[in-house]
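With chain A held as given, fit chain B onto it using these hints.
One-letter residues, chain by chain:
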Amino acid sequence: MPLVGRGVGAEARRWTEEAAIARTVEPHPQTDPVAQRHEVGIQMRLEARGLTRRFGDRVAVEDVSFHVAPGETYGLLGPNGAGKTTTIRLVCGLLTSDAGEVVVDGMPVTATATRAKAHIGYVPQEVSLYPDLTARENLRFFGRLYRLGGARLRGRVEEVLELVSLVDRADERVESFSGGMKRRLNIGASLLHNPALLVLDEPTVGVDPQSRHAIMESIAALGSAGLAVLYTTHYMEEAERLCDRVGIIDHGHLVAEGTRRELVARVGEKDRILLTATGSLQGFAESCMGMQGVDRVDVAGSSVHLLARDGRSLLPQVLAAAVAAGTSVRSVEVDEPDLEAVFLHLTGTALRE
Amino acid sequence: MGPVIAIALKDLRQRLRDRSALVLGFLAPLLVAWLISAAFGSVAAFHMNVALVDQDGGPVASGFGTFLRSPQLSELLTVSTATEAQARAKVEDGSLSAAFVIPKGFSAAVTSGGSMPLTVLGSVDASVAAQVARSLAGSYTAHIEAVRLSVATALDGGAPQARAAALAAAAADLQAPESVVPRAAGTRELSSVSYYAPAMGIFFMLFAIGFGARGFFLERTGGTMERLAAAPISPAAVMVGKSLATFVYGVASLGTVAAVTSLVFGAEWGPLPAVVALVLALGLTLVGLTSLVIAVARSERQAEGFASILTFGLVLLGGNFIFISAAPPMVRTLSLLTPNGWALRAFTDLAGGADWTAAVTPLLVILAFAAVTTTLAFALRRGVARP
Chain A
4 MPLVGRGVGA EARRWTEEAA IARTVEPHPQ TDPVAQRHEV GIQMRLEARG LTRRFGDRVA
64 VEDVSFHVAP GETYGLLGPN GAGKTTTIRL VCGLLTSDAG EVVVDGMPVT ATATRAKAHI
124 GYVPQEVSLY PDLTARENLR FFGRLYRLGG ARLRGRVEEV LELVSLVDRA DERVESFSGG
184 MKRRLNIGAS LLHNPALLVL DEPTVGVDPQ SRHAIMESIA ALGSAGLAVL YTTHYMEEAE
244 RLCDRVGIID HGHLVAEGTR RELVARVGEK DRILLTATGS LQGFAESCMG MQGVDRVDVA
304 GSSVHLLARD GRSLLPQVLA AAVAAGTSVR SVEVDEPDLE AVFLHLTGTA LRE
Chain B
8 MGPVIAIALK DLRQRLRDRS ALVLGFLAPL LVAWLISAAF GSVAAFHMNV ALVDQDGGPV
68 ASGFGTFLRS PQLSELLTVS TATEAQARAK VEDGSLSAAF VIPKGFSAAV TSGGSMPLTV
128 LGSVDASVAA QVARSLAGSY TAHIEAVRLS VATALDGGAP QARAAALAAA AADLQAPESV
188 VPRAAGTREL SSVSYYAPAM GIFFMLFAIG FGARGFFLER TGGTMERLAA APISPAAVMV
248 GKSLATFVYG VASLGTVAAV TSLVFGAEWG PLPAVVALVL ALGLTLVGLT SLVIAVARSE
308 RQAEGFASIL TFGLVLLGGN FIFISAAPPM VRTLSLLTPN GWALRAFTDL AGGADWTAAV
368 TPLLVILAFA AVTTTLAFAL RRGVARP
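These protein sequence lines are chains A and B, in that order.
All letters in the first sequence, in the order written, are residues 4 to 356 by this note's numbering.
All letters in the second sequence, in the order written, are residues 8 to 394 by this note's numbering.
Pulled out of the complex, with its shape left as it was, chain A reads as follows (with noise of 0.2 Å):
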């Protein structure tokens, strides 16, 4: 069951008219290798620079520099240990940083930055509730700290616990509630408040794939609905599926970000086009090898092979080319290079080593 239920229309409509006046952010220096991808005059949620932090001689993060923009989703994608939950808690203002800082709407976040925090919502790891209190109780609790009360608060409660679907079990105990339960009830905690900007740490981390796949269908109608969002996870998947952009971090270090697509590209990975086919194969083949993005065509059997950068876009002119050649092609498969293959390339290691 996903999360997000009728009062999705109402958060967005709230949502993106917070992100309409949100600052506008100055680019940053030319020096910064993120604010080169910055444009002028971009509305941005967060922006984390050049953050250090370190744990006596261990270094847990070393100069890394994102920033989210409204609407956008943006994963840490990266191993257990990567540094990805240090750089969180450095965001929510959690841990005080060695070096660089975190702003959110144009607020410095530090441990006592309270106007800053109060545009976050932070999703932590672990199920954090009270489980001796009631899903009602601890929403109005969470809601106290920010400083909701009377009817508005009343109010956002209702609309929380009809957001994660637990009308029906708002009074009872969340000691009480399945693993599921309470995880649609930890994310709705952070929502409270209408934050500008969503984080999550690994929410999926130990959750059965229906609870899973329900967490992943709130998140990304939250994206829609104009929230940023800060998602870090370890399961590549997981970022494909959800982030606008993602940033590999490995080792402490972010080693790269961007779209799916321009990860793919800047490491030079191909998309593989396997076709099945009849007739003219030959003539087909070197039709394909004369379209500009294609590298190499292979033929071997019934099935042609291409290599190329943009399969999904190629395959049109491809699939035309086929019909001129009178090729019959039976079936066709593009196989594009995942953040997996990405994060090898980059790192030298899998994702889940």
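By construction, these hints were calculated from the structure, which means they are not laboratory data.
As the structure is a computational prediction, the values presented were derived from the model and not from experiment.
Each residue gets a CB set at the ideal place from its N, CA and C atoms; glycine is no exception.
Keep in mind that a hint or two might mislead.
As the list claims (entries may be wrong) - Derived contacts from chain A toward chain B, CB cut-off under 8 Å, selection only:
#1 95
#2 96
#3 120
#4 127
#5 131
#6 132
#7 135
#8 136
#9 145
#10 147
For chain B alone, kept in the frame of chain A given last:
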């Protein structure tokens, strides 16, 4: 103040849902105070059944019997006569608190200037009664010594030997010109429930240290402290909210014990403003001690251990389990190292009829305890609310 109140109310709600907190904070002190009240009544009601074994039959032995049955001792003693064997058996089976055995020839020995021991039989299970019996026997023999000394002095001064008996009778009738009347700062006699109601109330109130410290570490292990730290509130607000809950719980616990024991068991607590001030001051000390445990401990288990050691250490030193006035001097001195010791001193003085000024010094000392422990806690662990 919104988030601070929210944290305090949330903590109180959780605590009231915890049955052990309810039992220890409210039911147990009332139950123990009631048990003590029912078991001991008041100090003035202390009573002994004793037997007099008169193997002598002489005037001195008869005088001792008269002394034991005197109106001054009638509330304390019920005296019966028995043979030595009967008395020994009854003392052993507990039906008698003590027995006095006056041996044959006792009167003759005394009047002739000799000496002969008066035996006191006491039960090992009733040491206080045996002590009282020995004191009574000692008091009577001291009186005899005084009479003998008076007669000897008169004879040495030239009085005729023929008047010795008359002189002895006259000296025996004389009362000491001065007597010592022990009295505390107040004017009333302290009943046991008036002592044990605050003693038990404070004892069980101190369990709030464990609840408060445990609650803090549960926030950490449960991950909710991280949410609190991520919220737009200062770490100090978290600590103040949690301290407020501890304060309210402690004050409610002791306040309830005071109200119920006064109304139901007839315990004397003293003037209301002074009692309220002492209860509030103890609540602040509770906050300081809880903060100190949180500052020193590194885990929930450590916090529970430290809180238990602290609670039992304080109540043992402070005199919550014994009448501190009956304790050895060293224990009485040690009790002044504890806030509960000072509080008990104030409560007993107030219950004894002293006016509110008797509570001023204890109140200041208790507040100083609160200030010192709180300052120490924050010095030991700055930013304690961060995860």
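Results for each hint:
no., hint, result
1, 95, "5 Å, holds"
2, 96, "7 Å, holds"
3, 120, "4 Å, holds"
4, 127, "5 Å, holds"
5, 131, "4 Å, holds"
6, 132, "7 Å, holds"
7, 135, "5 Å, holds"
8, 136, "7 Å, holds"
9, 145, "7 Å, holds"
10, 147, "4 Å, holds"
Consistency with the previously given hints is maintained throughout, with no hint failing.
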